[in-house]
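Taken in sequence, the protein lines are chains A and F. Its first residue numbered 3, the first sequence is counted upward by one per residue in the numbering used here. Its first residue numbered 3, the second sequence is counted upward by one per residue in the numbering used here.
Calculated from the structure, these hints are not laboratory results. Be a bit skeptical, because a hint or two may be false.
Here are a few chain A residues that face chain F, going by a calculated C-beta distance under 8 Å [to be verified]:
1) S32
2) M37
3) Q161
4) T199
A few chain F residues that face chain A, going by a derived Cβ cut-off under 7 Å, partial list only [said to hold, decoys possible]:
5) K106
6) Y108
7) Q161
8) E430
9) H434
Pairs of lysine to aspartate or glutamate, EDC-like flavour, derived with a Cα cap of 16 Å [stated by the list, open to error]:
10) K370/F <-> D392/F
11) K99/A <-> D203/A
12) K342/A <-> E393/A
13) K40/A <-> D162/F
14) K342/F <-> E272/F
15) K40/F <-> D203/A
All residues carry an ideal CB built from backbone N, CA and C; glycine is no exception.
2 protein chains.
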Amino acid sequence: MKQWIIVGLCCLSLNTFAQSDDSLVMRSISDEIMMHGKCYDDLRVLCKQIGHRLSGSPQAVKAVEWGQRAMEDAGADMVWLQAADVPRWVRGEEHLKFKFGKDKNYREVRVLSIGNTVGTDGKILEAPVIMVNSINEFDQLDKGLVEGKIIYFNYRFRQDLINTFEGYGDAGRYRWLSPNIASAKGAAGVIIRSVSTGVDDEPHTGSMRYADTVKPIPAVAIGNTSADMLEAKCRAGMVTAQIQSECKMYDTVRSYNVIGELKGTEHPEEIIVVGGHLDSWDVGEGAHDDGAGCVQSIEVIRALKALGIRPKHTIRAVLFMNEENGLRGGFAYGDSAKAKNEPHIIAIETDAGGFSSRGIGLDMSEDKKERIRGFRNLFLPYGVYDFEHDEGGADISPLQRMGVPVAGLMPDPQRYFDLHHTARDVFENVNHRELKIGATTLAGFVYLVDKYGLGPTAPLKDMNIGSTPYSQRKAK
Amino acid sequence: MKQWIIVGLCCLSLNTFAQSDDSLVMRSISDEIMMHGKCYDDLRVLCKQIGHRLSGSPQAVKAVEWGQRAMEDAGADMVWLQAADVPRWVRGEEHLKFKFGKDKNYREVRVLSIGNTVGTDGKILEAPVIMVNSINEFDQLDKGLVEGKIIYFNYRFRQDLINTFEGYGDAGRYRWLSPNIASAKGAAGVIIRSVSTGVDDEPHTGSMRYADTVKPIPAVAIGNTSADMLEAKCRAGMVTAQIQSECKMYDTVRSYNVIGELKGTEHPEEIIVVGGHLDSWDVGEGAHDDGAGCVQSIEVIRALKALGIRPKHTIRAVLFMNEENGLRGGFAYGDSAKAKNEPHIIAIETDAGGFSSRGIGLDMSEDKKERIRGFRNLFLPYGVYDFEHDEGGADISPLQRMGVPVAGLMPDPQRYFDLHHTARDVFENVNHRELKIGATTLAGFVYLVDKYGLGPTAPLKDMNIGSTPYSQRKAK
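The shape of chain A in the complex, shown without the other chains:
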């Protein structure tokens, strides 16, 4: 009973006296990051000296080394690597060409194979193209018509959805599903309209996984301009395509999460995680996805340390490996936390681009959400107003399965899917102030959750996904 009275008084003080002090601390965090923040410089190094860094690539090895150094430079009390065995998929050379109607010559368009797909062993796969505008339309097609053909899934990203992540969920199904459903009907290959809000010819790659029941077939994505052209040509008459690609999945490779922490002064055993993912797709520089999240997470450690804010609980910044095509780093972290029986107060992920913050998504019990919403006024000066969405992050989903409350930074979503998984996701397309405001939001959030807690912290539940720890399973 007494405990609850104390909790009640804490809530009262939070809502009355404490907020003015907290707003000053929030301001000092903001000033520190906006004026002296290192995240933008860190991102320049990651993008320009290392570049893209798909799991299992030589650049991913360098990125791990970079992350370790950056975490040490930020002043973490302890920095370590956490092993995870990751898939190694290599793109190689790839071409897509079309022949329209009675044309004699093939015309090449820009293309990116969908990540994890098989290639053609460098040979030319040539077949007539059949266009469908939706999975529903594809389902109507006879198997006989599909067999041996290249199916073009011409599904557009819904530009009417203001939250582009809803649009991504919608159109993203085509990247995940189309190679499987096409193969199940005997298709020879798949072309998709990129999962893209862009009004350009930029192809977008991204992950897929073959179902155990289908024969893997090559699947490639084209940019919206080429997709418009292909749509018009398919309507006008016969189209033949040539897909040539060297994509291949190799054996699993040992890689690592990078972890840095500030040790808690009162409850060091209870942990707050803030993280992004260190791997990226193998085009561009992985600047927004998710270099931004990595440097922001490191900035949280640096800013708190620089301001002399010693947290009561342990703050861990985690650079997860292999979010893009396997999630092995996320599972490795979850497995380790479970094995060590580490109670986690919350995990927050930043993996939605380095844009101005607009909100923090919350996936947890209603009472914990309400405690966090009590901080709302402290975030408003930084443009953060939305605490109404259920959001977490892929890397922290294993923790979430074990009962850890999760949250996700929600930046402005308008530009993300123009750049996401493309050659244009480069440092130059990240704005220094937007990136820093994201870091400020995260640091403020960590500061407040550390100071006030979220109520009792539950021990980790079992993930219930079988006896072999997920991170040690064979990647496929």
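Use these hints to put chain F onto chain A, whose structure you have.
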């Protein structure tokens, strides 16, 4: 008494039954603009076929013709031009070179003269440089030390201010004031650190006006990288500068505002203005400043027309001329409205860049603000949450002086002052979705204000700035 009961019932219905209908209309406006909007295509034409368009320039003439056509294409019931005599300032060639310490050679840096300033008639103005970090520091300098020198005002844009418009107000004083206060003490010229949040070498131009009491002296701006270099060199020892420029102010030229309107069905005599400015600085393409505002204002007309929404009051989209260096278009509009005794319900300006909307600033009586804040929930799905700031716009400030309630679209402010008044303010730096969400916000706002009104509309007061209409005065 009866009237007030009706008003009361309207408010009640607004807060209960009507909002669900209104949210559907808002959604239809959003869908129309996000899916079929023309503003991004319009902006491409304005930026790429015409480019920058300083008042009095040949491009400004073309921009007026473009605006008229675009307004007609959008489906305005009536389109017309409104004369305004504008200054014609021409930059010509310009150079800034430095010699450091005992160096023999001069080193050239990128530079932009501040708008409206005098040049050197193409001759070289050579003088030692004295650096000051603030106006306060300058005020401490003896006149004897200043005389004949080039004063370098090394004042930085405050990156700690989250609302960059506050930072602009702060640092912008240096652009407006430094040539005047330096000349008053006998300086030969002025260099300022650009009014810029950029972490680059981009110089920013912008307006200034010589006080009647001082001798006009040349004043130029350098980018932040050059400014950092100059700061270091000034600290290290003697610096000499050469300014050479052909800037010149010519005679006033006849130009025009472009106005298009949808006639009101119930109260055509009462007017709602939505506008931006058609002129730009003479570098880049005036894409965010304020091509974005122009195409968004035209889009409001187009979207309402396309959706068959006939307004009760008259909706006017106004492309104002000469916001950048004279405000003659704004005054011409105000003079005309006063002469014709046109009651205005509200004027809203969009001149803060084509970024994602975050709020609508309101400068009006508290009761009118409260009516608008009653629409808050209708805007939240579009990321618009902030109705707490006093904002209007320069072009509508003459209307404001006559008692018209004014509002200003508040987009996300983080990137604006990286680009504002620079060669980088080009079409490529405007995002199609962000631009359209701004137009959606404006169209929704106009729809709601038209539907529910803001209470009684007052007749226009006198501007009280003398007997000659401002727009007919001689520009200086």
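These are the hints, each one checked on the structure:
The beta carbon of S32/A comes within 7 Å of a beta carbon in chain F, closer than 8 Å, and the hint placing it at the interface holds. Interface hint at M37/A: satisfied, since its Cβ lies 5 Å from the closest Cβ of chain F, which is below the 8 Å cut-off. The criterion of a C-beta within 8 Å of any C-beta in chain F is met by Q161/A, whose closest approach is roughly 5 Å, and the hint holds. The criterion of a C-beta within 8 Å of any C-beta in chain F is met by T199/A, whose closest approach is roughly 6 Å, and the hint holds.
A hinted interface residue such as K106/F counts as satisfied when its beta carbon comes closer than 7 Å to some beta carbon of chain A; here the least separation is about 35 Å, so the hint is violated. Annotation: Y108/F was flagged as interfacial toward chain A, and the flag is violated, the nearest CB pair being 31 Å apart, outside 7 Å. Because the smallest distance between the Cβ of Q161/F and any Cβ of chain A comes to about 5 Å, under 7 Å, the interface hint for this residue holds. Of the supplied interface hints, the one on E430/F is violated, with its beta-carbon coming no nearer than about 10 Å to a beta-carbon of chain A, more than 7 Å.
For the restraint placing H434/F at the interface with chain A, the shortest Cβ-Cβ distance is roughly 5 Å, inside the 7 Å limit, so the hint holds. With a C-alpha separation of about 13 Å, the suggested pairing of K370/F with D392/F holds against the 16 Å cut-off. Taken as a hint, the K99/A and D203/A pair is honoured in the structure, with Cα atoms around 15 Å apart against an allowance of 16 Å. Among the hinted pairs, K342/A with E393/A is inconsistent with the structure: their alpha-carbon atoms are about 26 Å apart, more than 16 Å.
For the proposed pair K40/A and D162/F, the alpha carbon gap of about 14 Å is at most 16 Å, so the pair holds. Between K342/F and E272/F the CA atoms are separated by roughly 12 Å; this keeps the pair inside 16 Å, and the hint holds. Restraint check for K40/F and D203/A: the C-alpha separation of about 20 Å exceeds 16 Å, so the hint is violated.
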